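*Asks:* Sequence:
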Amino acid sequence: MEFIAPLDSLFLVGEAREHPMHVAGLQLFEPPEGAGPDYIRELYTNLIARDDISATFRKHPAELLGGIANLTWAFDKDLDLEYHLRRSALPSPGSDAQLHELVARLGSRQLDKTRPLWEMYLVEGLARNRLAIYTKSHQALVNGMTALEIGHVI
180 MEFIAPLDSL FLVGEAREHP MHVAGLQLFE PPEGAGPDYI RELYTNLIAR
230 DDISATFRKH PAELLGGIAN LTWAFDKDLD LEYHLRRSAL PSPGSDAQLH
280 ELVARLGSRQ LDKTRPLWEM YLVEGLARNR LAIYTKSHQA LVNGMTALEI
330 GHVI
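All you need for the working numbering is the position in the sequence shown, starting with 1, plus 179.
The hints are simulated quantities; they were obtained by calculation from the structure and are not laboratory data. Treat the numbers as computed from the prediction; the structure is a model and nothing was measured. The beta-carbon is built from N, C-alpha and C at its ideal position, and this holds for glycine as well. Each hint should be verified, as a subset may be incorrect.
To be verified - Listed next, with one range per pair, are the computed distances between beta-carbon atoms:
#	residue 1	residue 2	range
1	P270	V192	38 to 46 Å
2	E212	L243	48 to 56 Å
3	L243	Q277	40 to 48 Å
4	N322	R266	21 to 29 Å
5	A228	P272	25 to 33 Å
6	E280	R220	20 to 28 Å
7	Q289	P210	29 to 37 Å
8	Q289	E181	19 to 27 Å
9	F208	L250	35 to 43 Å
Please take these sequences and the hints and turn them into a complete structure.
*Replies:* So this is what it looks like as C-alpha cells:
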C-alpha cells in the first residue's frame, strides 16, 4: 500500500466539474520520412501492445472509508491500455481550429478516479499530413519527473 501525499490528496479532494485538477499537453508532429498511410494505426498498435508500463501510470485512488478520503493508491494490475490510449480523427484536412475544439472538449472532462489517472489521444487527419498527441494526467499523479516519463513513452 502506498499512501497518497497530502498535497496530492488535496488535488483529488478539491476537484470539481467546474475546476478539474488535471494537466494536459498537446504536441504536433510530422510523421517520419517514409511513414506510410497507416502510420498512426501502427503507432497505436505498438503502444497498446506494451507491457512495460510504469507503476506510476497504473495507480488510482483506493476506495477506503466509502470513498470519503483519498488516503492510498490502488494499483491496476490489468491495465486496459485501450481505454487510456485512444485514436481520434478530424475530418481531413483538419484545421488547427478543429484540433483546438477537440482538445477543449477532451480537456473539459474529468478523469475517472476508478482507473489510472491519465489518457493519451493520437489525433490524425490534420492538414499538411501532421499528427497530434494530446495527453491528460491528474495533478495528483504527475509532477515534472513523471511528465518526462510520458515523453519517453511517446
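*Asks:* Against each hint, give a clear statement of whether it holds in the structure.
*Replies:* Results for each hint:
Between P270 and V192 the CB atoms are about 40 Å apart, so this pair conforms to the stated range of 38 to 46 Å. Remark: the range hint 48 to 56 Å for E212 to L243 is upheld by a beta-carbon distance near 51 Å. Distance hint check: the CB atoms of L243 and Q277 are about 42 Å apart, consistent with the given range 40 to 48 Å. Distance hint for N322 and R266: a CB-CB separation of about 28 Å, consistent with the stated range 21 to 29 Å.
The hinted range of 25 to 33 Å is satisfied by A228 and P272, whose Cβ atoms lie roughly 30 Å apart. Taken as a hint, the range 20 to 28 Å holds for the pair E280 and R220, whose Cβ atoms sit roughly 23 Å apart. With their beta carbons about 32 Å apart, Q289 and P210 fall inside the hinted range of 29 to 37 Å. The beta-carbon spacing between Q289 and E181, approximately 22 Å, falls within the hinted interval of 19 to 27 Å.
The given range of 35 to 43 Å is respected by F208 and L250, whose C-beta atoms sit roughly 40 Å from each other.
Hint violations for this structure: none, all hints satisfied.
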